[in-house]
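S.K.: In the order they appear, the protein sequences are chains A and B. The numbers in the numbering used here rise by one with no breaks, and the one at position 59 of the first sequence is 59. The numbers in the numbering used here rise by one with no breaks, and the one at position 9 of the second sequence is 9.
To be clear, the hints were calculated from the coordinates, so they are not data collected in a lab. Note that beta-carbon positions come from the ideal geometry of N, C-alpha and C, so glycine has one too. There's no promise every hint is true.
Computed far set for chain B versus chain A, every beta-carbon distance over 10 Å [to be verified]:
| hint | residue |
| --- | --- |
| 1 | P8 |
| 2 | V19 |
| 3 | F60 |
| 4 | S72 |
| 5 | L80 |
| 6 | G98 |
Stretch-level coverage of chain A by chain B, calculated; a stretch enters the list once three of its residues show a Cβ under 8 Å from a Cβ in chain B [as the list claims (entries may be wrong)]:
| hint | region |
| --- | --- |
| 7 | 15-21 |
| 8 | 97-110 |
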Amino acid sequence: NAGVTQTPKFQVLKTGQSMTLQCAQDMNHNSMYWYRQDPGMGLRLIYYSASEGTTDKGEVPNGYNVSRLNKREFSLRLESAAPSQTSVYFCASRQGLNYGYTFGSGTRLTVV
Amino acid sequence: RKEVEQDPGPFNVPEGATVAFNCTYSNSASQSFFWYRQDCRKEPKLLMSVYSSGNEDGRFTAQLNRASQYISLLIRDSKLSDSATYLCVVNNNDMRFGAGTRLTVKP
Numbered sequence: 001n002a003g004v005t006q007t008p009k010f011q012v013l014k015t016g017q018s019m020t021l022q023c024a025q026d027m028n029h030n031s032m033y034w035y036r037q038d039p040g041m042g043l044r045l046i047y048y049s050a051s052e053g054t055t056d057k058g059e060v061p062n063g064y065n066v067s068r069l070n071k072r073e074f075s076l077r078l079e080s081a082a083p084s085q086t087s088v089y090f091c092a093s094r095q096g097l098n099y100g101y102t103f104g105s106g107t108r109l110t111v112v
Numbered sequence: 001r002k003e004v005e006q007d008p009g010p011f012n013v014p015e016g017a018t019v020a021f022n023c024t025y026s027n028s029a030s031q032s033f034f035w036y037r038q039d040c041r042k043e044p045k046l047l048m049s050v051y052s053s054g055n056e057d058g059r060f061t062a063q064l065n066r067a068s069q070y071i072s073l074l075i076r077d078s079k080l081s082d083s084a085t086y087l088c089v090v091n092n093n094d095m096r097f098g099a100g101t102r103l104t105v106k107p
């Protein structure tokens, strides 16, 4: 019953450092998503992958890149971290367009 | 204008009270709708889908008004464990989330 697994759970980066957030789902879902959540802003979509082999930008893609490595895995990369990227990052997946999401437990990222 | 708007609250209600949340959305082509619940420092979890005919799950009732572009969630007989933030979600090709309404149920 793993569902959606995100790693790491917590991370502190210095400005300019890079890192990759990992996400894997074991539900055979087609679509995967990366969101960030900031106080008062709600969840905002960074990138998504509607199916294996495709990726698309969401509302706030600047400063991020993604890779849909296979059907299970969808990673988010910060090439040069900035303090504005301090946030909680959630990965989610779903079977199809009219289905709800299943979320991972989140990554709390602080950029100093 | 935000795509999905909710009253942020907080709503502070006593146990046993009935409380209702509304949510408005701007995209009339939106296809499906959901309510999620998020506990402090946890991930959002699906509470219920919202159907055009309205739907009920125990103490929770969700309704959709496409003409006025709003969604509602009614919680009857509130429990302490209902304390959480409730997120309204509107689906097109991806899901757009409201900022959430915070509910605190007090003894």
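S.K.: A separate judgement is required for each hint: does it hold in the structure or not?
M.R.: Going through the hints against the structure:
| no. | hint | result |
| --- | --- | --- |
| 1 | P8 | 7 Å, violated |
| 2 | V19 | 20 Å, holds |
| 3 | F60 | 15 Å, holds |
| 4 | S72 | 18 Å, holds |
| 5 | L80 | 23 Å, holds |
| 6 | G98 | 6 Å, violated |
| 7 | 15-21 | violated (count 0) |
| 8 | 97-110 | holds (count 9) |
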